[in-house]
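Protein chains in written order, with the working numbering: chain A, 1 to 222; chain B, 1 to 768.
Hints are computed from structural coordinates only; laboratory data are not their basis.
A few of these clues could be false.
Looking from chain A toward chain B, a few residues come up when the C-beta cut is under 7 Å (computed) [as the list claims (entries may be wrong)]:
id: 1; residue: GLU16
id: 2; residue: ARG18
id: 3; residue: ARG22
id: 4; residue: VAL23
id: 5; residue: HIS52
id: 6; residue: LEU57
id: 7; residue: ASP61
id: 8; residue: SER76
id: 9; residue: ARG78
id: 10; residue: ARG84
id: 11; residue: LEU98
id: 12; residue: ALA110
id: 13; residue: ARG114
The beta carbon of each residue, even a glycine, is placed where N, CA and C say it ideally should be.
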Amino acid sequence: MAAVIAATGVVKSFGEGRAARRVLDGASLHVHPGEVVAILGRSGTGKSTMLHLVGGLDRPDAGTISVAGEPVTGTSERALSRLRRRRIGFVFQFFHLLPELSGEANVLLAGRVRGAAPDAAARGQDLIDRLGLREVARSLPHQLSGGEQQRFAIARALVNDPPVLLADEPTGNLDTTAGAEVLRLLRAGAEEGRAVVMVTHETAAANIADRVLTLRDGQLIG
Amino acid sequence: MIRDALAALRARRGRTVLAALGVLAASLVVGTSVTVGYSLATGFERSAERAQLPDVIARFPEQRLRRIDARVSALPNLETRSYRFEALNEDVSGNGHYTGKGAVTTVFEGRRGYTVVDGRDVRDGESGAVVVERGVAREWDLHVGDELSVEEHGTLRVSGIAVSPDNVAFPLASTARVYVSRAEHGGRVRPNVALLWLNDPDKADVTLAQARAVTFGLGKLQFITRTGVEILLSQAAGIVISLLVAFSLVALVAAGTMLAASAHAEVQRRLTGLGVQRALGFGPGRIAAQQAVEATLLAVPAAALGITLGALLVARPAAELLAALNELGPGPTGIAVPLVLSTAGVVALVVAAATWPAWRAARRPPIEILRGGDLARKPRGRARRRGESSGPLGHKSHPNEPAGRGSGLFALGVRFATAARGRWFAAVATIAVCAGVVTLMLALASLLERLREDPGTVGKRYQLAVQLDPSLIPDAERLPGVRDVGERYSIDAADSFRLGEPIRLVAYPGDHTRFENPPLAEGRRIQRPNEVEVGVGMADALGLKPGSTLAAQIPDGGEIRFKVAGIVRALENDGRIAWIQPDKLLATRPDLNPQVVVRLDSNSNAAAVTEGLVELGAELQPVGAAQTDNAAFLAVLAAVLRGVGLAVGLVCLYALVQALTVTARERRGAVALLRATGADAPTVGLVLAGAAVAVAVPAAIAGVVLELAIFGPAVSRLAASFASLPLGASVGQIALVIGGLLLLAALATLLVARRVMREPIIAGLREE
Ligand SMILES: Nc1ncnc2c1ncn2[C@@H]1O[C@H](COP(=O)(O)OP(=O)(O)OP(=O)(O)O)[C@@H](O)[C@H]1O
Ligand SMILES: [Mg+2]
Numbered sequence: 001m002a003a004v005i006a007a008t009g010v011v012k013s014f015g016e017g018r019a020a021r022r023v024l025d026g027a028s029l030h031v032h033p034g035e036v037v038a039i040l041g042r043s044g045t046g047k048s049t050m051l052h053l054v055g056g057l058d059r060p061d062a063g064t065i066s067v068a069g070e071p072v073t074g075t076s077e078r079a080l081s082r083l084r085r086r087r088i089g090f091v092f093q094f095f096h097l098l099p100e101l102s103g104e105a106n107v108l109l110a111g112r113v114r115g116a117a118p119d120a121a122a123r124g125q126d127l128i129d130r131l132g133l134r135e136v137a138r139s140l141p142h143q144l145s146g147g148e149q150q151r152f153a154i155a156r157a158l159v160n161d162p163p164v165l166l167a168d169e170p171t172g173n174l175d176t177t178a179g180a181e182v183l184r185l186l187r188a189g190a191e192e193g194r195a196v197v198m199v200t201h202e203t204a205a206a207n208i209a210d211r212v213l214t215l216r217d218g219q220l221i222g
Numbered sequence: 001m002i003r004d005a006l007a008a009l010r011a012r013r014g015r016t017v018l019a020a021l022g023v024l025a026a027s028l029v030v031g032t033s034v035t036v037g038y039s040l041a042t043g044f045e046r047s048a049e050r051a052q053l054p055d056v057i058a059r060f061p062e063q064r065l066r067r068i069d070a071r072v073s074a075l076p077n078l079e080t081r082s083y084r085f086e087a088l089n090e091d092v093s094g095n096g097h098y099t100g101k102g103a104v105t106t107v108f109e110g111r112r113g114y115t116v117v118d119g120r121d122v123r124d125g126e127s128g129a130v131v132v133e134r135g136v137a138r139e140w141d142l143h144v145g146d147e148l149s150v151e152e153h154g155t156l157r158v159s160g161i162a163v164s165p166d167n168v169a170f171p172l173a174s175t176a177r178v179y180v181s182r183a184e185h186g187g188r189v190r191p192n193v194a195l196l197w198l199n200d201p202d203k204a205d206v207t208l209a210q211a212r213a214v215t216f217g218l219g220k221l222q223f224i225t226r227t228g229v230e231i232l233l234s235q236a237a238g239i240v241i242s243l244l245v246a247f248s249l250v251a252l253v254a255a256g257t258m259l260a261a262s263a264h265a266e267v268q269r270r271l272t273g274l275g276v277q278r279a280l281g282f283g284p285g286r287i288a289a290q291q292a293v294e295a296t297l298l299a300v301p302a303a304a305l306g307i308t309l310g311a312l313l314v315a316r317p318a319a320e321l322l323a324a325l326n327e328l329g330p331g332p333t334g335i336a337v338p339l340v341l342s343t344a345g346v347v348a349l350v351v352a353a354a355t356w357p358a359w360r361a362a363r364r365p366p367i368e369i370l371r372g373g374d375l376a377r378k379p380r381g382r383a384r385r386r387g388e389s390s391g392p393l394g395h396k397s398h399p400n401e402p403a404g405r406g407s408g409l410f411a412l413g414v415r416f417a418t419a420a421r422g423r424w425f426a427a428v429a430t431i432a433v434c435a436g437v438v439t440l441m442l443a444l445a446s447l448l449e450r451l452r453e454d455p456g457t458v459g460k461r462y463q464l465a466v467q468l469d470p471s472l473i474p475d476a477e478r479l480p481g482v483r484d485v486g487e488r489y490s491i492d493a494a495d496s497f498r499l500g501e502p503i504r505l506v507a508y509p510g511d512h513t514r515f516e517n518p519p520l521a522e523g524r525r526i527q528r529p530n531e532v533e534v535g536v537g538m539a540d541a542l543g544l545k546p547g548s549t550l551a552a553q554i555p556d557g558g559e560i561r562f563k564v565a566g567i568v569r570a571l572e573n574d575g576r577i578a579w580i581q582p583d584k585l586l587a588t589r590p591d592l593n594p595q596v597v598v599r600l601d602s603n604s605n606a607a608a609v610t611e612g613l614v615e616l617g618a619e620l621q622p623v624g625a626a627q628t629d630n631a632a633f634l635a636v637l638a639a640v641l642r643g644v645g646l647a648v649g650l651v652c653l654y655a656l657v658q659a660l661t662v663t664a665r666e667r668r669g670a671v672a673l674l675r676a677t678g679a680d681a682p683t684v685g686l687v688l689a690g691a692a693v694a695v696a697v698p699a700a701i702a703g704v705v706l707e708l709a710i711f712g713p714a715v716s717r718l719a720a721s722f723a724s725l726p727l728g729a730s731v732g733q734i735a736l737v738i739g740g741l742l743l744l745a746a747l748a749t750l751l752v753a754r755r756v757m758r759e760p761i762i763a764g765l766r767e768e
């Protein structure tokens with residue numbers, strides 16, 4: 001089966017001149033549908049950076065990336081927006097729920113963006129039920145626990161039914177129980193045929209992965 | 001602590017600069033307002049002081065000095081006196097200029113009543129020297145040492161340039177005043193003016209009453225008091241000057257609101273930081289103190305710079321204006337005190353506005369501050385209910401249709417802008433005040449324009465005066481665009497008690513306020529044919545009060561008497577004017593013909609009405625507006641207004657763009673998140689537009705309401721000691737302000753959206 005994520009020879013530097021630092025130096029990543037890949041590595045090695053590049057949030061200096069057969073590198077901002085809208089779901093370490101919207105509204109927000117999946121709203125409601133968030137659906141983020149916030153964030157990532165789910169330390173701010181629940185949801189996402197890439201520090205997280213890669217010296221090593 | 005504060009300011013350099021710019025902008029307004037307001041408000045007093053302006057000026061037919069001085073020196077309450085001989089309508093020429101309206105004033109020994117601002121005074125006993133009034137010197141470009149030729153006296157050398165605030169300056173006043181010594185006449189000259197200085201100027205009426213009694217028989221006698229001079233000056237400029245002063249006051253209040261609002265917003269934004277500090281064990285007092293130090297460090301240089309710039313910006317126009325009024329500027333040291341005081345005021349305001357909310361916030365439990373910033377204040381239950389009714393993004397209220405989507409994003413933008421109530425309110429307040437001030441400016445500008453052409457602005461409410469057969473009045477009333485038509489009698493009479501005091505009587509059958517509505521200063525309106533409303537100038541000259549009697553000698557008629565019902569502020573005929581009902585006048589002069597005056601609808605076409613009237617057989621007569629001499633003066637005033645207006649306009653523009661960009665910046669993280677979930681440029685633009693509209697629309701509405709309900713009436717009231725001035729903005733002006741604001745909002749949205757879209761998404765996410 002073809003890889004839904006295909007990244008080859010990705011290079012990314014930060015800073016300029018003598019202060020420049022090459023964080024990624026020819027990193028490659030291939031992930032198949034239904035697969036959970038965990039990326040490990042010491043702090044500051046560039047794990048988040050790699051995820052951002054795959055998700056089209058940032059552009060690499062060199063290398064090619066494609067997601068679900070569509071190019072991420074060398075394409076227009078408009079095409080990137082479409083890609084993010086329909087092909088990629090993001091889960092962040094710090095949840096990033098909009099503070100003025102209820103959990104439910106945060107989930108539905110992704111379905112309101114121009115060009116989102118037509119059935120997004122229905123799927124959003126369904127996700128809220130399935131993730132056990134109905135009780136707190138109308139609460140504002142600051143009234144929710146960390147675990148609840150992260151589950152809303154996952155629901156939001158899934159609302160457009162993307163084939164790729166990218167999660168940056170999704171359990172980093174949660175206790176073991178809440179973390180386990182989040183991991184179960186990610187795993188379930190993969191069972192539905194998604195490619196899931198998760199950056200993590202935790203062995204528990206790595207344990208649910210099909211494959212564990214380590215980022216070292218700017219490269220992803222299997 | 002100061003080092004900490006400096007470090008903190010440096011760490012958020014962008015915001016510091018933004019906040020400093022805000023303080024600077026508001027200070028600019030303060031600087032211009034204080035400079036104009038203070039210079040003008042104190043101008044008369046200051047110049048009167050410096051020139052030793054007499055408390056009473058008496059004019060009489062030429063008298064032997066010995067004879068008049070015997071009577072004058074016996075007056076009660078008299079400190080000292082001096083005399084002049086004043087010859088009017090003399091030919092004066094110099095430097096290629098000429099006037100036939102020279103006032104050649106021969107000064108006798110003693111106090112002069114003017115101050116020499118350049119060169120030196122004429123010496124008693126000196127001949128061949130002349131002191132010229134500053135207005136003449138400026139207009140004719142005369143300098144000390146130049147030659148001036150004066151009727152009778154031949155060519156004289158200018159020894160000095162003088163200022164006396166007893167009249168406005170040439171050419172605003174048509175007379176060109178020059179001063180020569182008694183020696184110029186070989187000593188053979190008799191005075192016709194006496195200048196009196198009193199021990200207690202408040203008791204001037206006692207002295208005046210006595211003077212009237214003892215000088216009876218001297219013939220035509222005229223008194224003018226220092227207060228009278230002030231009123232006289234005001235007739236030329238008072239309206240607009242008080243408008244300016246009032247406008248400055250309003251601008252001050254507006255600047256204060258803006259400062260307070262933006263300082264408050266800044267603290268709201270930094271609540272999380274305060275929460276962390278509290279969690280680290282800082283006490284509320286310590287946090288507030290640090291805030292105060294930071295605010296002071298930021299405010300002092302910004303306020304000082306802004307106020308200095310503002311003062312410099314209007315210094316020249318203000319000086320021009322004072323010169324036109326024959327008044328002296330406060331000078332650099334004089335204006336320094338109010339400027340330093342207002343700098344201190346601005347700093348105090350900024351510090352208070354920044355410290356108070358910090359202090360209040362810091363006393364809340366740290367976790368509450370940390371969890372929600374300024375969003376977290378609502379109790380949970382209420383927030384839930386809000387969530388349920390939260391409409392736009394709620395699932396049930398909005399079925400999933402494309403149209404609902406757009407409005408949902410727009411509503412999200414509205415939510416972004418209004419989520420932080422304090423910040424939203426500050427932004428709306430700032431822009432509303434600006435919009436209000438801009439609307440006021442527009443209203444003022446058109447008022448100035450009308451002042452030149454439309455007599456209505458100086459108390460007259462009719463626009464056309466014609467000679468027309470009174471039987472045709474009903475026909476005239478039926479012309480389209482005509483609001484009211486009435487008969488107006490006007491006759492110049494003389495006061496019978498003091499022969500020679502000229503008074504103008506104006507009579508309307510019925511209520512005269514339909515056509516002429518001079519503001520009431522004292523007493524009440526006339527109700528009966530035997531009552532009269534007299535102008536302040538006349539009341540001052542004749543010593544009239546409500547209840548006293550006015551006896552008027554009608555030319556070719558008898559004497560008619562009226563009871564004074566009220567004193568009104570009138571400009572026409574130096575305020576020597578009175579309003580009556582025509583019954584008594586017509587009894588003694590049945591032959592008197594009325595003018596027919598026509599009041600137009602506010603939006604009617606005067607030319608069309610005039611044509612209609614002419615067809616009825618009417619003969620057009622001019623309606624006196626501000627005198628043509630005033631055109632130049634109005635230009636000077638317009639320059640001052642422009643100076644102040646420019647500053648205010650800049651501040652408004654800055655405030656609007658700042659409020660919108662700050663909202664967008666604040667929501668950088670949210671915008672980045674939207675983009676991470678796939679929002680493209682139009683989607684982000686829609687959200688930002690929602691945010692902009694959420695600020696701009698209520699601000700525009702509040703601004704217009706502010707002008708109509710507060711600024712306009714306040715400025716009118718402050719200026720109302722001279723005339724009733726309509727300062728409400730017109731529909732067109734209101735539309736202009738609202739439209740302009742929306743346009744600016746759209747522009748700001750576009751700029752911000754473009755910038756946001758160019759920024760890497762992760763940069764925004766990192767900030768969240
Ligand atoms: N926008 C940026 N500008 C400059 N340097 C950056 C930027 N983003 C990341 N870096 C640098 O790149 C390196 C990798 O950052 P990244 O966030 O990818 O690390 P990470 O592996 O996710 O670390 P952690 O496990 O701590 O989250 C770091 O040294 C970081 O300082
Ligand atoms: Mg990371």
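Restraint check, 7 Å cut-off on beta carbons, for ARG78 (chain A) near chain B
With Cβ-Cβ at 6 Å, under 7 Å, it holds.
Once the shortest beta carbon distance from SER76 (chain A) to chain B is found, is it less than 7 Å?
It is violated, given that the least Cβ distance between SER76 (chain A) and chain B is near 10 Å, above 7 Å.
Holds or violated: ASP61 (chain A) as interface residue toward chain B, Cβ cutoff 7 Å?
13 Å, violated
Measuring from the C-beta of ARG114 (chain A) to each C-beta in chain B, is the shortest one below 7 Å?
With Cβ-Cβ at 5 Å, under 7 Å, it holds.
Taking 7 Å as the limit, does the beta-carbon of LEU57 (chain A) come near enough to a beta-carbon in chain B?
Hint on LEU57 (chain A): holds, closest Cβ of chain B at ~4 Å, below 7 Å.
ARG84 (chain A) was flagged as interface toward chain B. Is the shortest Cβ-Cβ separation under 7 Å?
The hint holds - ARG84 (chain A) has a Cβ within 7 Å of chain B, the shortest such distance being about 4 Å.
Can the hint on ALA110 (chain A) be confirmed by a CB-to-CB distance to chain B that is less than 7 Å?
Holds, because the Cβ-Cβ distance from ALA110 (chain A) to chain B comes to roughly 4 Å (cut-off 7 Å).
Quick check on the hint: GLU16 (chain A) CB to chain B CB, less than 7 Å?
Violated, because the Cβ-Cβ distance from GLU16 (chain A) to chain B comes to roughly 15 Å (cut-off 7 Å).
Verify the interface restraint on LEU98 (chain A): the C-beta must sit less than 7 Å from at least one C-beta of chain B.
OK, holds: LEU98 (chain A) within 7 Å of chain B, min 5 Å.
Report holds or violated for the interface hint on VAL23 (chain A), using the least CB-CB distance to chain B and a cut-off of 7 Å.
Given a least distance of 13 Å, the restraint on VAL23 (chain A) is violated.
Per-residue hint verdict: ARG22 (chain A), partner chain B, C-beta under 7 Å
Check failed: Cβ of ARG22 (chain A) comes no nearer than 18 Å to chain B, outside 7 Å.
Would the stated hint for HIS52 (chain A) survive a check requiring a Cβ distance to chain B of less than 7 Å?
5 Å, holds
Checked against the numbered hints given earlier, the structure breaks hints 1, 2, 3, 4, 7 and 8 and satisfies all the rest.
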